[in-house]
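Student: Single-letter residue listing:
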Amino acid sequence: MTRVGVLVFPGSCDDRDALRAVELLGAEAVRIWHRDEDLGGADAVIVPGGFSFGDHLRCGALAALSPAMAAVRAHAEAGGPVLGVCNGFQVLTEAGLLPGILRPNASLRFRCHDAALVVERESAWLPGASAGDRLTIPIKHHDGGWYAPPEQVAEIERRGQVLLRYEQNPNGSVGSIACVANERGNVAGLMPHPEHAVDELLGSTHGRVLLQGLLDLAPAPVPA
Amino acid sequence: MRVTVTVRPREGILDPQGEALRRSLTGLGYDVTDVRAGKVFDLELEASDEADARRIADEISERVLSNPLIEDYQVGG
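Which chain is which? The protein sequence lines are A and B, in order.
Just so you know, the numbering used here puts 61 at position 61 of the first sequence, and the rest follows in order with no gaps.
Just so you know, the numbering used here puts 35 at position 35 of the second sequence, and the rest follows in order with no gaps.
Chain B on its own, in the form it takes in the complex:
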């Protein structure tokens, strides 16, 4: 079963990568006022059903894929 996890920098946390991107985009003439850079993980995993897959993905996201001090994650979508 395939589950997608998205990890984003938390609101209010300085994101130097996003800020560098924003500056470059502004330099290209785009009117972009904010960029937040995150990560997307596609997990292929063994699970009995969709709810089980989400539970496993939740656990993996919390334990490994994100650091709760600076990041939020979202399972699915």
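Isolated chain A (complex conformation):
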């Protein structure tokens, strides 16, 4: 069974939903405390949402310096898959594992609603989805405006690192970019919350697509 490690920082608040979502998809979920120096044998990693370290300095900046993130960096460098959601996306950009940075929403308002996301291209991260498909996944953030300098954005677009765009830009993200991957394609991040969209009761199951992508990218577990 694929084992997914979910990081927990002081101030994380979506770790439980992430753990539950992983279990719903039939994988094993384990907690990784920010002071842990290893990933407990995890094949894939989720850096979940929340307000790690009170969002002090810059969102995600202090979490990016934690021992567990050093282990995540080593995992990513070895090709292991990592998904950052909301604050986790901010942490991964601050750690330099994903391009850009998340800035306060252009409106300076906290946005909390379903967001329509348009699939940019077929990707291992989005199993079964085709370019132009629409996914409904909720957002809830104040600092979700993705930014990178124009020349870096052009490079990211050219290399096909954009996976999802907002149908209606809720936060001032450059190019309406909602989900971006690293150059190698094993690390991805987004502000919307796939772990909150895994059950019809909650209005959408589209979050399962990205979470399945994370599981698919993990190395096949050794049979017991």
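Bear in mind the hints are in silico, worked out from the structure with no lab data behind them.
Glycine is no exception: its CB is placed at the ideal position from the N, C-alpha and C atoms.
Each statement offered as a hint is correct.
The following label-pair restraints were derived from C-beta to C-beta distances:
#, chain 1, residue 1, chain 2, residue 2, range
1, A, 109, B, 33, 18 to 26 Å
2, B, 31, A, 122, 48 to 56 Å
3, A, 24, B, 29, 54 to 62 Å
4, B, 37, A, 11, 21 to 29 Å
5, A, 67, B, 38, 24 to 32 Å
Derived contacts from chain A toward chain B, CB cut-off under 8 Å, selection only:
#, residue
6, 58
7, 106
8, 148
Once you've looked at the hints, dock chain B against the given chain A.
Tutor: Frame of chain A; chain B shown alone:
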């Protein structure tokens, strides 16, 4: 030794906080055309001399206190 670091949004980067402040100041009747909001850090640190303190503060500013994509920093003053 005490070293002060100032971090500012880079030129040309939209600063929503500064813009909100500008609008509020305009509402109060002040003729303010631009506001850029930054941060000031006073570091108390162990260093052999002033040059060493600046070197350490530079390193901290680059690694942690600022994000070079959107911010510039200044050590001292």
